[in-house]
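Chain A is fixed; fit chains B and C onto it per the hints.
Listed below, chain by chain, are the residues.
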Amino acid sequence: MPVFTPRATAVPALATAAALLLCSCSAGAGANTGADKARNSTAAKSGQRLTATLGTAKDSQGPAPEIPGARKGGTVNVANEADFPHLDPQKIYAGERYSTSLLWGRQLTQYQIIHGRPRLVGDLSTDTGTSSDGGRTWTYHLKNGIAWEDGKPVTAQQVKYGIERTFAPGFEVGPTYWQPWLTGTKDLTEAVKKYGGPKKDGDLEAIETPDDRTIVFHFPQPQSDVPYMASQSSSSPVRKDKDTGTGYDVKPFATGPYKIVEHKLNKSLTLERNPYWKPETDSIRHAYPDRFEFTFGKAALNTAQEVFNGQGTGATTLTTKDKLPPELISTVERDPAKRKLVVSGSQGAYTQDLYIRNDRVTDPEVRKAIHYLFPREQARQVLGGRYAGDFATTLSSPAVVGWKKYDLYPVAPTGDIAKAKEHLAKAKTKVTKLTYAYPTESPQDDQVAQVLADAFAKAGIKLVVKGLQPGAFNDQIFGGEDSPYDLFLSTNSVDWPTPSTLLPLGYESHLDAVSNNTRYSNPQVDKELSRIAKIGDAQKKAEELIGLEETVMKDVPLVPFLYKSISQFRGEKIGGAATHPIYGVPALANVYVKNS
Amino acid sequence: MTRYLIKRVAQAVAVLLAISATAFGLFYAAPSDPALIACGPKCTSAQLAAVRTSMGLDQPIVSQFTDYVGGIVTGRTIADVDGTPIPCPAPCLGYSYSLHQPVLAAIEDRLPVTVSIAVGALAVILVLGVGSGLAAALRRGRATDRLLSGFNLLGASVQIYFLGYVLQLLLVYSTGLFAPPRYVPFTTQPAQWALGLLLPWLVLGFVNAAVYARLTRSQMLETMHHGYVRTARAKGLGTLRTHLKYTARGAAGPLVQLLGLEVGALLGGAFITETVFGLGGVGKLAVDAVNGNDLPTVVGTVLLAAFFVVVFVAVADLVVAWLDPRVRFA
Amino acid sequence: MAAVSVAHAFRRDRFGIVSLGVVGFFLLLSAAAPLVAALYGKNPTEHYGQNETGLLSPEGLPLLPNGGVSAQHWFGIEPGLGRDVLTQLLYGMRTSLLIALASAAVVAVIGVVVGVTVGYLSALVDRAFTFVCNVLLAFPALLFLITLGPVIQTRFVGPGEDEPAWMQFAVLILVFSAFGWVPLAMVLRTVVRSLREREFVEAARALGASRRHIVFRELLPNVWAPVLVHLTLAVPAMVTTEAALSFLGVGINEPIPDWGRMISRGSDVFYDDPTYMVFPGASLLVFVLAFNLLGDAVRDALDPHTVR
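These protein sequence lines map, in sequence, to chains A, B and C.
Sequential numbering of the first sequence, starting at 1, is according to the UniProt record's numbering.
Sequential numbering of the second sequence, starting at 1, is according to the UniProt record's numbering.
Sequential numbering of the third sequence, starting at 1, is according to the UniProt record's numbering.
Hints listed in this document are in silico derivations from the structure and should not be mistaken for laboratory results.
Check before you lean on any hint, since a few could be wrong.
[Unchecked claim] Quick list of the computed label-pair ranges, beta carbon to beta carbon:
id, chain 1, residue 1, chain 2, residue 2, range
1, B, Thr-187, A, Lys-278, 30 to 40 angstroms
2, C, Val-132, B, Val-9, 18 to 28 angstroms
3, B, Phe-186, A, Asp-211, 50 to 60 angstroms
Ideal placement from N, C-alpha and C gives every residue a C-beta, glycine not left out.
Next up, chain A with everything else stripped away, as it sits in the complex:
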């Protein structure tokens, strides 16, 4: 599964989730019983409906409400096969990294999770922000007593410097909202022409810091989503004297409850308590364990064995990136003791879809044919069956606020080759060959490719499948204007609660391939989008965007595949592990080591 999610990744839905399904239902049919029993599994229902809550200033006051049964002390081991590609707060852009970096980083606002329900509250800031001037001015006040790991206070100027960094070259990998908003431009490319980062252009006038604890944003156009953007990692403070350039990507300076003691890339990351972090300033993070020890490089399957069997450090280990290997699903389902160690839930508002490069596959009839022949059932079987998620029919996840179910081109999950052939016959030019690219990260990737090739062959299309090194995959799919590939699978999410980041930042024709992954282009949709952009009322804007989604999907820019579920695992002695309703991975800021 592609982990790299260039555009979307982070924050879905207008907060608050249903309870997480650490299901205690009966085991499914084991691999070696022939009977086709009802498979009540630990697989979570994906795409939980979320509703929004904005917390008050009171909610923003620490400390975070205690978790019953939690205790202080101990070391939590986190094992993942791969290290984090970025730790620089302004470069972090993915749910898992957002969630993990809460341990050492703090932002203007953040999601507080209570009983599995998220609520946006002030983090560094006393509240989620106040707007004036019709949304053109947003003001934040920093809480008293927030300090860096060396004891020096966090100031408004440092928050400003952090946001200024996002304009600099090399920071394109982060979210691209602050830059156009603050400069009143249409995208990042235009924005950096006006202001090129603190090194090049010095002070950014649009952010004002009248005193050390007040920060005022001045936007040329009204903005309604500022509180959500303020929770993104790129809204973290950075201290100029600690900004080590690319080195900051390995070992950032901490404001959160832990500091990074040592980070050996691809090997280990050690966190210890930050003595200057005060719980009363923080209503989001619990800091129960004394230490976090991350290790990288061990295969997920081996980690899983150690965790399920409690071997080595397995009992105090959990994963945040590694998923439950599909190969272990029936073993886990047979054994209740193991089943309770699975941490599963809806993976935020993530969806996994078959992306079509619309600039290469220009004929909608061909794209419809792909829609019909796509073997959803078979592909999902390879990815772990229901554990991978539920079949999708819409572009956005049900977790997005205002989501409406629609199914424009109903098709059986196993695909409909006859229907596909009909559409192929209607196409203006005969298609006999298509290319599919995928990053070679797990054996499942190879298998999905074979599943697709098999189905396409049945419709008379030769599917050329190309496994690429993940780096090369990203370069070739999102980097250039002229990708040689027609199809790829990708997992994405909207950036936050409102649907306002989905269509405007992914389906407008002038956007590059990094944002507009499918290179979708429809003048009518462009016109609608620019009309909707001018709507001031957030609620009305959301409704209009949801309405426009069906228009987009009529053109089949991509084939909806799954509303993602995620299953991970934790050791017997790890308490408080639950999937973060927004970030879609276990929230480390809530875990503790159980008394044994």
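What follows is chains B and C alone, placed relative to chain A:
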């Protein structure tokens, strides 16, 4: 002896130079542009050009190479992606833009793991390989000999990526007889260090022991028939003492040479063993670097692996020369 | 030594005969793989488990015990895609053998030419040769093999094209040969150097025979024994290296069946479906063991001086 030593060192340096040139030439012809990886997916062509300049990729390959070799000898300063100068003291093996550290530092981080694997595996090879070879030679033709030969043949035919997984799953994860493979530093917890590496040692040792067993056996048998050994025995020296004092010494030559090669190869990183057991040594670093297109690290680890082989082969030659005067004066 | 006496010596070696039989059986099976598959009624690429119900669980593991072994699928089916294991094994063996035998042939040619030439020529050539050998021996070959695949793919295959099967094979054969000829050439060099001082070569030279005559008529006929021994042992080594590369994900690509990839996949599913790893793992073991035994037997038969 001194002349021999100088000659041997000169040879080693020449071989290393040739290898670094080959590695450099080959890997810099690799698939995607390393600058592109360092620059990220949203890289504009202007940025890319800047990154290429700061990485020195716009220089002709020959001057890149001389810079590189110069860096190994005298150290040098390398520009980071954003132009920040990074000091890289001698012996500088280049700077990894993916790991954000000099290649040598990355290797130093992981070398203890690889050395630990090598030390234990070598012990197993010596005990299992040389030991069973000696035993087989002394018990030539009998059941012990046949049994040991069969056992070793099995070792030579089985693969680490099969045996390693099967044993790991059977002995570690199903029955818990062995601790899960992991590395803890010898200096802090020696017992845990040994426990965590026991299975990799045994597997690696068992698979590699066969060659030594066969060689030891045949060398012993051959030397046993040499005149000086017979003389020693005729003079009334006991069997075991004769064998240890004369036969073993005479038979050791090829064995030492093979061991030199083995030590060098093991220190360069046991790629498959480290992959199978999830141990983060130099081998894993190299495989990760290949997969992540981290060329400086790839070239650095290749050079390191070659360096160890060359050094230990040379050391083995010197040991052989010391053991057997005929080599020295040949 | 006359061929007759070699055959005679070989025939007395029970292990040798048995291993020859096993190796022959493997060779025959892989040569006749399409025929066997046709009789058996399955092919190695069809996703039986996905296309027919009742074979795989929703998570892709075989429903029948022992990896789905049944009258339909004698060795069971592959977890995930549900391909037939027996035909995968048969065709996988073809892959392995094709690469190993082709590489062995190339190695033999290069090794003999270089070894004999160097052994016969001047000391200067000999030094250059030793240097090249030292470089190649010190080179971390496996790392090189891992890197080279992607390099060649990008250089010679269009981004939207499949890497043709012949190219994947050619690359592996090329790199195996690039490193494989060294030990053989080194052995032959030593053999030839000792031969050329022997009386019969001296005699030929004294009689005014040309170099050509000496090399082709006097030297070459005497090196076939070490070549044969070397090759019999090189074939299993290449088979396992090829499997190792596929195991690391850089060997032969899907959908061409391959033992290394089967073992790699087997190690993933071992817990719930050990059968899937046992078949390719055991096949590889038996195959390599048989070849090694055969190599030993050939060596013993060819060299009566070996102390046994």
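Tell me, in ascending order, the numbers of any earlier hints that this structure violates. Structure breaks no hint.
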